[in-house]
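*Asks:* As a plain string of letters, each chain reads:
2 protein chains.
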Amino acid sequence: MENFSEIKKTKIFAEISENDMQAMAYCLKIKFKNYNKNTLIIEQGQPAEEVVILLKGGAKVENIDTFGDISLITKLKAGDVFGVENSFLGETQYKDNLVATENCLVMFLNRHRLITPCENKCKRHDLVVKNLMRVIVERNKALMEKLKLLSKKNIREKVLAYLHNQSIKAGSSYFDLPYNKTELANYLSVDRSALSTTLSKLREEGLIDFDKKHYHINNKAFEKLQ
Amino acid sequence: MENFSEIKKTKIFAEISENDMQAMAYCLKIKFKNYNKNTLIIEQGQPAEEVVILLKGGAKVENIDTFGDISLITKLKAGDVFGVENSFLGETQYKDNLVATENCLVMFLNRHRLITPCENKCKRHDLVVKNLMRVIVERNKALMEKLKLLSKKNIREKVLAYLHNQSIKAGSSYFDLPYNKTELANYLSVDRSALSTTLSKLREEGLIDFDKKHYHINNKAFEKLQ
DNA sequence: AAAATTGTGTTGTTTTTACAACATTTTGAG
DNA sequence: CTCAAAATGTTGTAAAAACAACACAATTTT
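Protein chains in written order, with the numbering used here: chain B, 279 to 504; chain F, 279 to 504.
Calculated directly from the structure, the hints in this document are not laboratory data. Warning: the hint list may mix true and false statements.
[Said to hold, decoys possible] Computed cross-link-like contacts, EDC-like style, restricted to lysine to aspartate or glutamate with a CA-CA straight-line distance of at most 16 Å:
{"#": "1", "chain 1": "B", "residue 1": "Lys430", "chain 2": "F", "residue 2": "Asp347"}
{"#": "2", "chain 1": "F", "residue 1": "Lys419", "chain 2": "B", "residue 2": "Glu369"}
{"#": "3", "chain 1": "B", "residue 1": "Lys426", "chain 2": "F", "residue 2": "Glu423"}
{"#": "4", "chain 1": "F", "residue 1": "Lys419", "chain 2": "B", "residue 2": "Glu416"}
{"#": "5", "chain 1": "B", "residue 1": "Lys431", "chain 2": "F", "residue 2": "Asp469"}
{"#": "6", "chain 1": "F", "residue 1": "Lys353", "chain 2": "F", "residue 2": "Asp374"}
{"#": "7", "chain 1": "B", "residue 1": "Lys419", "chain 2": "F", "residue 2": "Asp469"}
{"#": "8", "chain 1": "B", "residue 1": "Lys373", "chain 2": "F", "residue 2": "Glu423"}
{"#": "9", "chain 1": "B", "residue 1": "Lys430", "chain 2": "F", "residue 2": "Glu340"}
{"#": "10", "chain 1": "F", "residue 1": "Lys426", "chain 2": "B", "residue 2": "Asp347"}
{"#": "11", "chain 1": "F", "residue 1": "Lys426", "chain 2": "B", "residue 2": "Asp343"}
{"#": "12", "chain 1": "F", "residue 1": "Lys430", "chain 2": "B", "residue 2": "Asp343"}
{"#": "13", "chain 1": "F", "residue 1": "Lys426", "chain 2": "B", "residue 2": "Glu423"}
{"#": "14", "chain 1": "F", "residue 1": "Lys373", "chain 2": "F", "residue 2": "Asp347"}
{"#": "15", "chain 1": "B", "residue 1": "Lys408", "chain 2": "F", "residue 2": "Asp404"}
{"#": "16", "chain 1": "F", "residue 1": "Lys426", "chain 2": "B", "residue 2": "Glu293"}
{"#": "17", "chain 1": "B", "residue 1": "Lys431", "chain 2": "F", "residue 2": "Asp404"}
{"#": "18", "chain 1": "F", "residue 1": "Lys430", "chain 2": "B", "residue 2": "Asp347"}
Kindly produce the complete structure, drawing on both the sequences and the hints.
*Replies:* Here's what the structure looks like:
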């Protein structure tokens, strides 16, 4: 099947065989499309008729608020999903922009077909729904984690807590962030230059070290968090 | 069935008949317990073996961070659910405190039984899973909404955006908040006295008005948000 | 390889926030 | 109803953040 090697790596179609996938392809009205770097894949406010899966490349999710300010919600990599919540809530508009940060191959699924398992025709549809659920709950967890970050009193605590989280996830005190400094400031909803100052101070104090997107957090910093 | 009038009002058992409920009761190992006001229903860090449903009364969800600071996550009312995400992610610890803010009647369900529909025995189990999913997606949406609030640059914008949201939800420019000023400050992660000052200023400018938990947002304020 | 664009760190200034202290009001328990 | 506890609004001060401007570095484009 076309692009199956990428499809099987996605969170939603994990554990699905090529045969089963074939059976579902028609039912889910699967479509594929390529996007060039820096092009808009989904525009905030447009009718949300499809669930979007990133098969190759990378993208970012952005939100434009009523003041026109743009904030970076998150970055997506191959296998990640966009617009799932809409399906379950029956919401008819995408609430964020999806922008290709690299050349992308994108898969579209009909959102109505996705959540209502069809009789007989496609066998493993129930497993897909279960996978979907997992994706949503994981996002839920990520959102709560970010919420805790943004609830911190000052930039210093936000940064330390974020680096601490990422370090835990990487399973090492050395780790890479998906963001450059400008993006990190945006992600943490703080001023870029203020973030830069804070990072420099933390480095000066020997609590952290960093180079480009590569970071190291010292044990001493962990202690500060206890 | 015991407490069925409350159970059928919950989000998870919406549309379930008393007969079906009866059939599920054993399978889900349903238990009931009463809690007095200001007592701890669930303690952060304890083993998460059950999903908690508030049948009567009110409760608040709090999180204690590594610094020992307590933040108010949300308030629950009759019919609301706690600890569902744990079930899906197979997480073994509750990540927040659940505290009764009034005398409560609480229902506990076995988390393992909840997400794995049992064969034959309880008929409408699949509908329950669907309801659960809806609950999670709705919470997801609420989390994203709060995230957008906390991303705002200053208290003024946070408050205006929050009041705007609540006004939309209420479908009127007059509405009640579930929080007093102290709790609102906590919810928005800002200093209480700073919030108080901001609210006073907004009232002085004629953008909003309020008395206790009752608020009114003026059209002028809406315009500021465009 | 050169040029243009974007990212980064630093500094000084202005604005906003947190913090602390207090008087007053409201709430809730007995 | 009374009294204690909690919530609220206000003020002044200290701390932190946002903002703006800039030089330099890194990256991307051509």
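*Asks:* Look at each hint and say if it fits the structure.
*Replies:* Structure-based check of all given hints:
A hinted pair counts as satisfied when its Cα atoms are at most 16 Å apart, and Lys430/B with Asp347/F qualifies at roughly 10 Å. Taking the CA atoms of Lys419/F and Glu369/B, the gap is near 11 Å; set against the 16 Å cutoff, the hint holds. Taken as a hint, the Lys426/B and Glu423/F pair is honoured in the structure, with Cα atoms around 14 Å apart against an allowance of 16 Å. For the hint pairing Lys419/F with Glu416/B, the CA-to-CA distance comes to about 13 Å; that is within 16 Å, so the pair holds.
Between Lys431/B and Asp469/F, the direct Cα distance comes to roughly 9 Å. Compliance with the 16 Å bound is thereby established for this hinted pair. Under the criterion of a C-alpha separation no larger than 16 Å, the hint pairing Lys353/F with Asp374/F is consistent with the structure, at around 12 Å. At most 16 Å may separate the alpha-carbon atoms for a hinted pair to count; Lys419/B and Asp469/F exceed this at roughly 26 Å. Proximity of Lys373/B to Glu423/F is assessed by CA-CA distance (about 11 Å); at most 16 Å being required, the pair is judged to hold.
At most 16 Å may separate the alpha-carbon atoms for a hinted pair to count; Lys430/B and Glu340/F meet this at roughly 15 Å. For the hint pairing Lys426/F with Asp347/B, the CA-to-CA distance comes to about 11 Å; that is within 16 Å, so the pair holds. Taken as a hint, the Lys426/F and Asp343/B pair is honoured in the structure, with Cα atoms around 8 Å apart against an allowance of 16 Å. Between Lys430/F and Asp343/B the CA atoms are separated by roughly 10 Å; this keeps the pair inside 16 Å, and the hint holds.
Only pairs whose Cα atoms come within 16 Å are accepted, and Lys426/F paired with Glu423/B is accepted, the gap being roughly 14 Å. For the hint linking Lys373/F to Asp347/F, the alpha-carbon distance of about 14 Å falls within 16 Å, and the restraint holds. At roughly 12 Å between alpha-carbon atoms, Lys408/B and Asp404/F fall within 16 Å of each other, so this suggested pair holds. Annotation: proposed proximity of Lys426/F to Glu293/B is violated, straight-line Cα distance about 35 Å (limit 16 Å).
Restraint check for Lys431/B and Asp404/F: the C-alpha separation of about 43 Å exceeds 16 Å, so the hint is violated. About 9 Å separates the Cα atoms of Lys430/F and Asp347/B, which keeps this hinted pair within 16 Å; it holds.
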